[in-house]
Each structure stands twice: as C-alpha cells, then as structure tokens.
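Colleague: Letter by letter, the chains look like this.
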Amino acid sequence: MIKEAASVITKVRNKVPLVQAITNYVTVNDCANILLAFGASPAMVEAYDEAYDFAAISSAIYINLGTLTKEQEEAAVLASISAKVNKVPVVLDPVACSAIPRKNLVIKRMLELGRIDVIKGNGGEIKFLAGQASKTRGVDSVDDGEGLEKACVDLAQKYNCVVAATGKEDIITDGERVAIIQNGVEMLTKITGAGCMLGALCSAAVGAEKDSFIAVVNAVLSINLAGEAAFKEVQLPGSFRTKLIDNVYLLSEERYAKEGKVIWK
Amino acid sequence: MIKEAASVITKVRNKVPLVQAITNYVTVNDCANILLAFGASPAMVEAYDEAYDFAAISSAIYINLGTLTKEQEEAAVLASISAKVNKVPVVLDPVACSAIPRKNLVIKRMLELGRIDVIKGNGGEIKFLAGQASKTRGVDSVDDGEGLEKACVDLAQKYNCVVAATGKEDIITDGERVAIIQNGVEMLTKITGAGCMLGALCSAAVGAEKDSFIAVVNAVLSINLAGEAAFKEVQLPGSFRTKLIDNVYLLSEERYAKEGKVIWK
Amino acid sequence: MIKEAASVITKVRNKVPLVQAITNYVTVNDCANILLAFGASPAMVEAYDEAYDFAAISSAIYINLGTLTKEQEEAAVLASISAKVNKVPVVLDPVACSAIPRKNLVIKRMLELGRIDVIKGNGGEIKFLAGQASKTRGVDSVDDGEGLEKACVDLAQKYNCVVAATGKEDIITDGERVAIIQNGVEMLTKITGAGCMLGALCSAAVGAEKDSFIAVVNAVLSINLAGEAAFKEVQLPGSFRTKLIDNVYLLSEERYAKEGKVIWK
Chain X
1 MIKEAASVIT KVRNKVPLVQ AITNYVTVND CANILLAFGA SPAMVEAYDE
51 AYDFAAISSA IYINLGTLTK EQEEAAVLAS ISAKVNKVPV VLDPVACSAI
101 PRKNLVIKRM LELGRIDVIK GNGGEIKFLA GQASKTRGVD SVDDGEGLEK
151 ACVDLAQKYN CVVAATGKED IITDGERVAI IQNGVEMLTK ITGAGCMLGA
201 LCSAAVGAEK DSFIAVVNAV LSINLAGEAA FKEVQLPGSF RTKLIDNVYL
251 LSEERYAKEG KVIWK
Chain U
1 MIKEAASVIT KVRNKVPLVQ AITNYVTVND CANILLAFGA SPAMVEAYDE
51 AYDFAAISSA IYINLGTLTK EQEEAAVLAS ISAKVNKVPV VLDPVACSAI
101 PRKNLVIKRM LELGRIDVIK GNGGEIKFLA GQASKTRGVD SVDDGEGLEK
151 ACVDLAQKYN CVVAATGKED IITDGERVAI IQNGVEMLTK ITGAGCMLGA
201 LCSAAVGAEK DSFIAVVNAV LSINLAGEAA FKEVQLPGSF RTKLIDNVYL
251 LSEERYAKEG KVIWK
Chain F
1 MIKEAASVIT KVRNKVPLVQ AITNYVTVND CANILLAFGA SPAMVEAYDE
51 AYDFAAISSA IYINLGTLTK EQEEAAVLAS ISAKVNKVPV VLDPVACSAI
101 PRKNLVIKRM LELGRIDVIK GNGGEIKFLA GQASKTRGVD SVDDGEGLEK
151 ACVDLAQKYN CVVAATGKED IITDGERVAI IQNGVEMLTK ITGAGCMLGA
201 LCSAAVGAEK DSFIAVVNAV LSINLAGEAA FKEVQLPGSF RTKLIDNVYL
251 LSEERYAKEG KVIWK
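Protein chains in written order, with the UniProt record's numbering: chain X, 1 to 265; chain U, 1 to 265; chain F, 1 to 265.
Hints should not be assumed to be uniformly reliable.
To be verified - No more than 30 Å apart at the CA atoms, straight line, and that leaves these computed lysine-lysine pairs for DSBU-like:
1) F/Lys210 to X/Lys87
2) X/Lys70 to U/Lys70
3) U/Lys168 to F/Lys258
4) U/Lys158 to U/Lys258
5) F/Lys190 to X/Lys210
6) X/Lys87 to X/Lys11
7) F/Lys258 to F/Lys210
8) X/Lys135 to X/Lys87
To be verified - Calculated from the model, a selection of chain F residues having no Cβ within reach of chain U, i.e. all distances over 10 Å:
9) Met1
10) Ile2
11) Arg13
12) Ala32
13) Leu36
14) Ala47
15) Phe54
16) Ser58
17) Asn86
18) Ala133
19) Lys168
20) Arg241
21) Lys243
22) Lys265
Keep in mind that the hints were calculated from the coordinates and are not lab data. Note that this is a predicted model, so its numbers are computed, not measured. We put the CB at the ideal spot given by N, CA and C, even for glycine.
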C-alpha cells in the first residue's frame, strides 16, 4: 500500500495535472507555489465568467471556502457543476464550516448540483459535517479527536467520497479502507495555510491517481514528510514556511516508503 | 510602564486572542503569519454574509482599508457595528485615506454606526485625519512629521481612541499619555506590509490587554524589535521579511525591557 | 544600447515611480515586494471607486488579468481610460487570454476606450493576440516558439505598442527594434508569479524611462539577472523566491552591462 501511495508523486510529475483552484486570498500564493513544487500546474481560475468553462479542461478542482466572496461562491458552485458534467474530481476544504453557517449552504449546493470527491478538513470540521458535536475556535479545531475516525467513515459513506481529517494523527478513509498517518510536526500549525496547502496537494494527487484514497494518503504524507524535513533545518515559522516548499520539491518515492508512518486498517 | 507593555506578549500567548481581520489582499498572508508568530489566532473573515456574526465571537477586529472591495467595505462597516453591540475592540488602519477620498466615507460610517478603538497609520494619514495639512505619495507618507505629536493627541481626543503614528519615531497616545518609540530599522519600509502587520499586532494586543494604550505600545515595540533583530541577521528585503516573522516568534518579555527605547510623556 | 537599458535602474531609483497595480491575488504580494526592491513605489489600487482617480496621479499602471474579479475588470477599464486622459503609460499582462475568452473582451475594451503601451505575455499568449495558432495549457505556454518573433513584431505594429514575449529566450520589440534576451534560469518557472513580477517591473521601468522599448529591455534583464544570481545561491523554489527579491534589490548598472546577453536587431 505504501508503495502505491508513494508512486503518486511520480504520476503527478509525469502528468503535471492542471489544478483549477478557487481558494482563499490568505494562502493562495502558498497553494500555487506548493502545487508547482509538487509537480502540478496551478490555475487560480475563480472568476464567475471563467470558472465553469475552465473546469472542463482541468485535471482536478480545488475548492476552499476560506475567504469566500460572493463571486467566488457562485464560481465554486459553477465549477462543481461543470466537474460533474465533465467528470473532473473535486476536492473540498470546508474551512470554518462549524463556525460559520453560510459555508454549509455552499457545501449543500455543491453536493446537490455538483460533485465532491474528497473532503479535507480539520477534526472539528469533519465531525461537524458528520453530524457529531465538535469543538472549534475561529478557523481552528480544538477538538480532542474522540470519535473522529467514526465521523470520517460516516461522512465518507454518507457522500460516497474520500474524507481526510487532520490533527495530531491524520485520518483518511473512503468509507471502507482507513489509513492513520503519524507523521508531521507541530510547526505546521504555527504558519497559516498548511491545511490549505494540503488541500491543494490532494487536488494534484487525485488529478493524477484514479484511486482517490491512495491519492489523498500521498498528499497527507507529502506535507507531513516535507514538514518534518523542513523542521530539521529550521525551527522558526517564517523560515519553516520557505523550507516547506523546498522540501515538497525534494520529495521522492523512496522517502515515503522509508519515513512514512501509516497504519492501514 | 515598560514592564506593563512587555507583559502584553505573555497575555497574548496565554489567551491566544481570536483576531478577525478584514484586510488588503497584498499583505493578508503576512498579517496571518505574524499573528500566529505573535501567539494570536487569525481569522480573515471578510465576506459580507459572515462578518457581522463572526465579530461577535472575536477577541478583537482588525480593519485595514488597503484594497477595499465593495464587499469588504460593507463587511467592514458591519463588523464595526457588531463590535459596538458585542463590545469587541476595533483597530483601524486607514490606508491611503489622504490620497483616496472614498476611504474617509468608510471611516465616517464606522465612526457613526460602529466602533473604533485604535487608529494606526503613517504620519501623513494621521495628520490628515486630525485635519492638518500633510504630505503623502500613493500609499506612503512623505511628511516631515512636524506637528505630528499634536495631531495624534488631537485625533485621540476627537474620537476617544488610541492613536499610533508610524515614522522614524513612532508616536502612541490615548489623548493623555504619550509614548515615543525610537526603535526600528529603515528596512521595514523596503518590504510591503510592515504597517499592515503592525496593525494586525495591535489587534492581537488589544484582544488580550484591556489598556489599549499599553497594548499598542507593545505592538509597536514588537514589530520594531523584531525588525532590528531580523536586520542584524540579513540586510536584504526578501530574506528580511522571512526573518521578521521568525523574530516575532522569538520575542520575550525580557527583550522589551532590555532593548525598548521609549520616551513616556 | 545596453548602457541605455542599464541606466533605467538608476532612473527608477531616482524617480521612485508610483506604480498603480490592478493584479491577481495569487502574486500581488510578490509584485509589491519586487517593486519595492527595484526602487519603485507600489500602490495596489484596484477598487472600482478608486481606480480612475488614482491613475491620474500614477507614474505608470500595471494591469494583470490573472484572477480578474468583476470589480477588478471594471477598475482595469476605468484605469486605462484615465491613463489615456492623463497620459500615463499602461502595461498589460494578458494572463491566459488564449485559454479564457473573457480576458479578450477586457483587452478589447482597454484598447478601444483606453490605452496600452506595453503587452508582456508568454509565447502562447502573444501568438494568440497576434492572431497566430499557439499552444497553451492552463495559464502556461507550451508553445515551441516558432514564428514568435514575427508575432511580436506584428502585434507591436498592430497596436503601436511594445511587446515582450517570455520563454527560453525573451523577445522584446516596438515593431521596429528587436531585442532577444538570453539570460534567465528555468527555476523562474518553478515558482508562481515570475511573469507577473516581470510585468510589474515593466511598469516601474516605463514609469521612469520614456523609451518604452529600452525600459522593457531593462525589466526583462532585471528579473533574469536577479534569477541567475538567486539560482547560484539556492536551487530550491521556496528559497529561490526569497533570494529573487534580494537580488533585485542588489541590481546595479554594472551588472546589466557585464552579464546581459542581448542580441539587438
């Protein structure tokens, strides 16, 4: 299994998937840079007049609800509809869905009219979407993670998608298979956008690998292994952020197999 | 007084204030990263449908008029109204108010309907708001600073708020107390966003310290001391920007007392 | 000729041109920082209510069609109209014009109602605008460059402007003079925004140098020479991006003459 997951990085680099991103303005630059470092081709096409048509030619679509303007909201729904028509996978990052009710109206519309293949969120967001009680504060989860694995499986089955919940351990499931990932460093929570960047990597991965579960395992490992390597070099957030991109660029199939700590269920 | 100001960093790290920011797209990533490095929890909630409700659960609100879209304009006014209702302090950065008349309509509306606790601007902006003649060019002040202290005191008394004017020396006042800060390096003017980042730090500080004057003194010292430390390490703007975040992360109560150059009046 | 081109950096640093930018949200921070490092004064004034008036006081205007919101679209057209009235040079980056039809409606309106002095694009975009068949993928050119010089000259003559097409070699022309630039490193394509940053530098250069052809030669040399110097220091994209800004700050007249590889036709 780890070999399959590791091979996704090579598939990404060979295919150079075109990732359309509709994402927040806080970390949009980081998302574009990490996609390039990973081997994908980012295209932040989020204007209302452009989103539907561009989705048709994309390898995958990343929709992040962070700073969702009204125009982005409409573009996100249009892109997910186009994705359904044109059979393009969609990754959703439901930022702050448990704290801000409006986010859920957008998710509902995407589910009803369009397509969602992967939901990547923090523990609090995933539990909330699965209908469980959860604890969040602003855009961050302060949930203890109890019952999170069940929430992930429930949510994956409910919407027939892959779910990834980040936290001290990261959980990935397609409703049947479950992978628990024990890599990563706390410094990833001291910079803005680690979650957004992970969502972007998920999109690149599902744009190059048909098994979305395996693709997302690769993406989660990628940011965690790059984070570990960056933290070995520097222990301060400004410099760490720079080194994180460097180390995504340096990822190799071998490193996943050698350093990945995955529990497969 | 310096001990009180220094202690704010510890209060921020203990409370982890939730800062809602409605800020420009140029430096929004820098603002989020510096807030995290400082110990606060940033949430860039600026959508029209989200701003009012989110303000109610925030510790402080940062409103920066830089690239103010129509949607942000409405969100800013709504957030400041919510801040008044819910007793949440608001920090305003009136970017380019002397060069662009529209900014003042927004400020007027915020003052009439909402709440402003701290105004942080460059010398030209503060003098303009105080009704004095001033010199600005684009978004930068080219004012010589003559009469600036009086302008700060006048403005603070006029709106019953704390005023901070940045320049070679920084001036902070609540209309009675005045602090002149002589720290900082010129390299802070060679990167975009030092002013925006300072505004963000002001928000975090007033979100953790009730005495807004003391809070803002801490914020101004924080960016200046971090800037001095960064400049010791590197003298080029790209690298300096990275090290600035690193050095905000490294700030300690001791450094304020040891290195802060404050004239209290 | 190289001496004339080299001298533009000094003109920029002496004049500190005020550059109004209406640019995409992905790389807006990079554009502001590179303008500061180059010696210009960036002002990202892109709000509908601000764009027309601010254009009148700017030294040059940079319009980049990357993530063009509806509000930015209107602001871009207004700014180009104001530029015509107020005799301010306009640099256009027609991002993805060959992939996204809507971009061309905006360009058409700018040409009809306003003013465009420089068009800076990748090979695919320039060939498309010149009416030639071209190959692009998403926002990137995958064109082989055959016939590109003719496309540049045709386009320059068609709209009476300076055209710059980037690629392995960069081509600059005003319809009569042609310069081929052979500097640069591939790493510039592994970070987001090298093209946007070049567009920003073109604006600063035409804001300080009346001969737009010479100004654009300087801008293209500037990013390429800075890229070469940065790549000598680091070979990874995150760190390279930081060093790129550092090395723009370090540019000197001497380096252009010494290291610039320009074929003048």
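Colleague: To test your reading of the hints: which numbers does this structure violate?
Modeller: 1, 3, 4, 8, 12, 13, 14, 15, 16, 20, 21
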